[in-house]
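Colleague: Spelled out from the first residue to the last, the chains are:
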Amino acid sequence: MKILKLPKQQLDLFASVLQQFGEVHAPVERKGKYVFEHLERWSDAALDYDRTVLPPKKYVLPPRETLLEYRRDTGYVPATEDLNKKIVLFGVHPCDIYGLNILDEVFAGKYPDPYYQTRRQNVAIIGIDCVPDEHCFCRSMRADFVEHGFDLFLCDIGEYYLTFVGTARGDDMVLSAGALFEDVTREDIDAYKRHSEAKREAFKLDVEIRDLPEIFEMEYRAEIWEELGQRCLSCGSCSMVCPTCYCYDVVDEVELGSTEGRRVRQWDSCLFSTHALVAGGDNFRESRASRIKFRFYHKQRGFVAEFGRPSCIGCGRCIVTCPVKIDIIEVINQLRGAEHVANA
Amino acid sequence: MLQMRDEIAYEPALTENPYLPKMARLVNIYKMVADNHLFTFRFLDDAQAAAFQHRPGQFVMLSVPGCGEAPISISSSPSRPGVLELCVRRVGRLTSALYRLNTGDVVGVRGPYGNGFPVERIEGKDLLLVAGGLGMAPLRSLLWYALDNRARFVRITLMYGAKTPRDMLFREEFESLVDRADVTCLLTVDRDPSGTWRNHVGLLPTMFDMTTVDPATTYAAVCGPPIVYRFVLERLLALGFAKDRILMSLERRMKCGVGKCGHCSVGYKYTCIHGPIFTYWDAMNLPEMI
Numbered sequence: 010m011k012i013l014k015l016p017k018q019q020l021d022l023f024a025s026v027l028q029q030f031g032e033v034h035a036p037v038e039r040k041g042k043y044v045f046e047h048l049e050r051w052s053d054a055a056l057d058y059d060r061t062v063l064p065p066k067k068y069v070l071p072p073r074e075t076l077l078e079y080r081r082d083t084g085y086v087p088a089t090e091d092l093n094k095k096i097v098l099f100g101v102h103p104c105d106i107y108g109l110n111i112l113d114e115v116f117a118g119k120y121p122d123p124y125y126q127t128r129r130q131n132v133a134i135i136g137i138d139c140v141p142d143e144h145c146f147c148r149s150m151r152a153d154f155v156e157h158g159f160d161l162f163l164c165d166i167g168e169y170y171l172t173f174v175g176t177a178r179g180d181d182m183v184l185s186a187g188a189l190f191e192d193v194t195r196e197d198i199d200a201y202k203r204h205s206e207a208k209r210e211a212f213k214l215d216v217e218i219r220d221l222p223e224i225f226e227m228e229y230r231a232e233i234w235e236e237l238g239q240r241c242l243s244c245g246s247c248s249m250v251c252p253t254c255y256c257y258d259v260v261d262e263v264e265l266g267s268t269e270g271r272r273v274r275q276w277d278s279c280l281f282s283t284h285a286l287v288a289g290g291d292n293f294r295e296s297r298a299s300r301i302k303f304r305f306y307h308k309q310r311g312f313v314a315e316f317g318r319p320s321c322i323g324c325g326r327c328i329v330t331c332p333v334k335i336d337i338i339e340v341i342n343q344l345r346g347a348e349h350v351a352n353a
Numbered sequence: 379m380l381q382m383r384d385e386i387a388y389e390p391a392l393t394e395n396p397y398l399p400k401m402a403r404l405v406n407i408y409k410m411v412a413d414n415h416l417f418t419f420r421f422l423d424d425a426q427a428a429a430f431q432h433r434p435g436q437f438v439m440l441s442v443p444g445c446g447e448a449p450i451s452i453s454s455s456p457s458r459p460g461v462l463e464l465c466v467r468r469v470g471r472l473t474s475a476l477y478r479l480n481t482g483d484v485v486g487v488r489g490p491y492g493n494g495f496p497v498e499r500i501e502g503k504d505l506l507l508v509a510g511g512l513g514m515a516p517l518r519s520l521l522w523y524a525l526d527n528r529a530r531f532v533r534i535t536l537m538y539g540a541k542t543p544r545d546m547l548f549r550e551e552f553e554s555l556v557d558r559a560d561v562t563c564l565l566t567v568d569r570d571p572s573g574t575w576r577n578h579v580g581l582l583p584t585m586f587d588m589t590t591v592d593p594a595t596t597y598a599a600v601c602g603p604p605i606v607y608r609f610v611l612e613r614l615l616a617l618g619f620a621k622d623r624i625l626m627s628l629e630r631r632m633k634c635g636v637g638k639c640g641h642c643s644v645g646y647k648y649t650c651i652h653g654p655i656f657t658y659w660d661a662m663n664l665p666e667m668i
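As given, the protein sequences belong to chains Z and S, one line each in that order. Heads up: the first sequence begins at 10 in the numbering used here, then just goes up one per residue. Heads up: the second sequence begins at 379 in the numbering used here, then just goes up one per residue.
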C-alpha cells in the first residue's frame, strides 16, 4: 500500500483540494454530539470527535429512499434521484469503515443492490484513526484497524498525518494536492507503531467473542432475555444508530385517487412489533423479549454463520443511545459468566 | 473474514435492478374456492416470458400497482411454461387488491426467488407430497413437475387434506388423478356436509394408513398450517424418515425477496434465499421456525 504523510497544518489546504472530488462532509458538533454533514467551512470539522449519532450508513443506505416510480403508461421505473451525487466523507473512524465493509457483503451476493452499490462508489471515504473512549470495544470485535474500504486513511503521528492510500481515487486525491504530501521516514514508522501501541492500551472494554456463537446457542432459553424484554422499550434506536443494521421496510406511496406513485424503502428494526408479522396476522416474534433476543442472535450468532464474523463493530453507539441503558457488554458478560441466569 | 471489494467485478447497473418488477397481464381468474382463487399471468414481454424459468417451490414478488408487493409461491410447474399460476388466499391488503383486478389488468412480477425443491436429489426416488389446506399451493408445482417428468421418479404419492370438499384447492384436477395408475392420489376432507364427496373423510395423517411409503427410498414434501406439520411430521418420523429427507415450505413476510431487508429471517436464516424449502433437520435447528 502506498503510504505518505501530510503535515497537519496543510490539512485545510488538502480539504479544499477534495472539493473537486465531491461535496465534502465531515463530523460536526451539534449540541454536544456529533453528526456527519456537509461542511460549510473546513473549521466546522470536528476531527477529534468520539462518535457520530448516526453512522456513515446513512450515505449508502439512506433512512428513506425511493426505489421505483410507478406510472400507468411506463410501469415501474427505477428512481435515480440523488443516486449519482459525489460526496467525500472525511474523518471516518476505522470501526465505521468496517461497518461499511460489512454492509458491502450484505448488499452484494447473488443479488447485488444497485442503489447501495452506486452510492457506495459515489461516496469517497477518508478515514481517520481515533483514541477509544469508555464505550469503545472495536478491538474486541476486531474492527479497530481496517485494511480496506477507504480511499485514504489518516493517522495522527504528531506533526503529521500518516496517509494510507487505499484506492486509485485516493491516489488521485493525493496527486491533486501537488506537493502537500511527503515521503515517510523511519521516524514516522516508529511514531506510527508508538501510536498503535498507545491506542491498544487505551481500551477500557474487552469482551471475548470467539466462542460467542456457541454460548448463544446454549443460552437461548436463558432468563436474561425475559429480563431484557421487560426493560426494552422496542424503540429501535439501537438499530437506527447501528452501523451494520440494514433491515428495511418497503412501502408503496400512492397519490390520492391515482395509481401513480412510488416504492420507498425506509429503515426498519427487528425490535418493532410488526417486523415478523405475516399475512393473516400471525406474528413470529410477538413478545419484546423474543425481539431483543433476535437482535442479539442475528448479530452475534446468525451473521457469524453467514459471513464468518459478527455484525457488530464495537462502536458503542447502542450503549450510549439506549434510553433504558441496555448494554451489549453487560449482556455478553452475563451470558458468558453467570450460571445463575442460565436455563432457569 | 470479509472479502476485499473487487472494483472490477461489480459495476452497478440499474438495468439489472433486482427490485424492478416485470409487467405481466392477468389472463385468467379461476374461482376455485371462496377467497382462494387461482390467478394466471403472462408476461407482456415475450423475451421476459422466455427468460422466466423457475423451480418447483420457488416464489415471486407480486406487485399490484398502487398497492404494494407481497411474496406468493408459484403453483404452476416449470414443465408447463408460458404462464405463471399463483394460488392466492384473500387475507390482507395486497391480496384484497389483487381480488379487485379483472382479467386484462397488469401487475408487476419479480423473481423467481428462493431455493425451490431439490428436484435433482429426488429424481430416481419415490416422492411423497403431503399438503393441508393452502399448503397445496407450492406443492402443486412439484406435483406436476414430477408427473410431467414421470420417468424420472419412481413412486409418486399425494396426500391432500382440506376441511370440506368446498375448501379443496384444485379439486377437479386432483380428482382426475385418483384413477391414474402412475400416481397414488389420496384426497381427504375433515368432514363432508354436502354428502357428495367420493373420496376419503378423515384427518390428513390417517392417509398414511391407506398406503405404504418406504422411508428408505422416499423424499417427503410437506406443506400446511402448523397443526399439519405437527401431526404429519410425527407420522413421518415414526415411519423412520431421515430428518433431511423431509422437505418443508415456509412462509414469511418478505419485503425484498433477495436476502437484504431482514423481514423473513427465521433464527439466523433468511426464508427468501436460504429457503423457502427447508429440511426438517434445518427446521429443528432453527429457533422460531414453525
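Careful, some of the hints might be misleading.
[Stated by the list, open to error] Using C-beta positions, here's what the derived DEER-type ranges look like:
#, chain 1, residue 1, chain 2, residue 2, range
1, S, Arg420, Z, Leu242, 23 to 33 Å
2, Z, Leu242, S, Arg478, 35 to 45 Å
3, Z, Gln28, S, Pro604, 52 to 62 Å
4, S, Arg420, Z, Thr89, 28 to 38 Å
5, S, Glu394, Z, Leu242, 52 to 62 Å
6, S, Ser554, Z, Leu242, 35 to 45 Å
7, S, Arg544, Z, Asn292, 26 to 36 Å
8, Z, Ala314, S, Arg544, 42 to 52 Å
Treat the hints as calculated values from the structure; they're not laboratory data. For each residue, glycine too, the CB sits at the ideal point set by N, CA and C.
Colleague: Holds or violated: the 42 to 52 Å window for the beta-carbon distance between Ala314 (chain Z) and Arg544 (chain S)?
Modeller: This hint holds: roughly 45 Å between Cβ atoms.
Colleague: With respect to the beta-carbon atoms only, verify the hint that Glu394 (chain S) and Leu242 (chain Z) lie 52 to 62 Å apart.
Modeller: Because 41 Å falls outside the window, the suggested range is violated.
Colleague: Between Arg544 (chain S) and Asn292 (chain Z), does the C-beta distance stay in 26 to 36 Å?
Modeller: The hint (26 to 36 Å, Cβ to Cβ) holds, given that Arg544 (chain S) and Asn292 (chain Z) are roughly 29 Å apart.
Colleague: Just to be sure I understand the hint, the distance between the Cβ atoms of Gln28 (chain Z) and Pro604 (chain S) should be within 52 to 62 Å; is that true here?
Modeller: Holds, at about 60 Å.
Colleague: Does the beta carbon distance between Ser554 (chain S) and Leu242 (chain Z) stay inside 35 to 45 Å, or does it fall outside?
Modeller: Check failed, 57 Å falls outside 35 to 45 Å.
Colleague: Is it true that Leu242 (chain Z) and Arg478 (chain S) lie within 35 to 45 Å of each other by Cβ?
Modeller: Roughly 39 Å apart at Cβ, these two residues keep to the hinted range, so it holds.
Colleague: CB of Arg420 (chain S) to CB of Thr89 (chain Z), is that within 28 to 38 Å?
Modeller: Given a distance of about 30 Å, which is inside 28 to 38 Å, the answer is holds.
Colleague: For Arg420 (chain S) and Leu242 (chain Z), compare the CB-CB distance with the range 23 to 33 Å and indicate the outcome.
Modeller: With a Cβ separation near 49 Å, Arg420 (chain S) and Leu242 (chain Z) fall outside 23 to 33 Å, so the hint is violated.
Figure legend: structure checked against the earlier numbered hints; hints not met, in rising order: 1, 5, 6.
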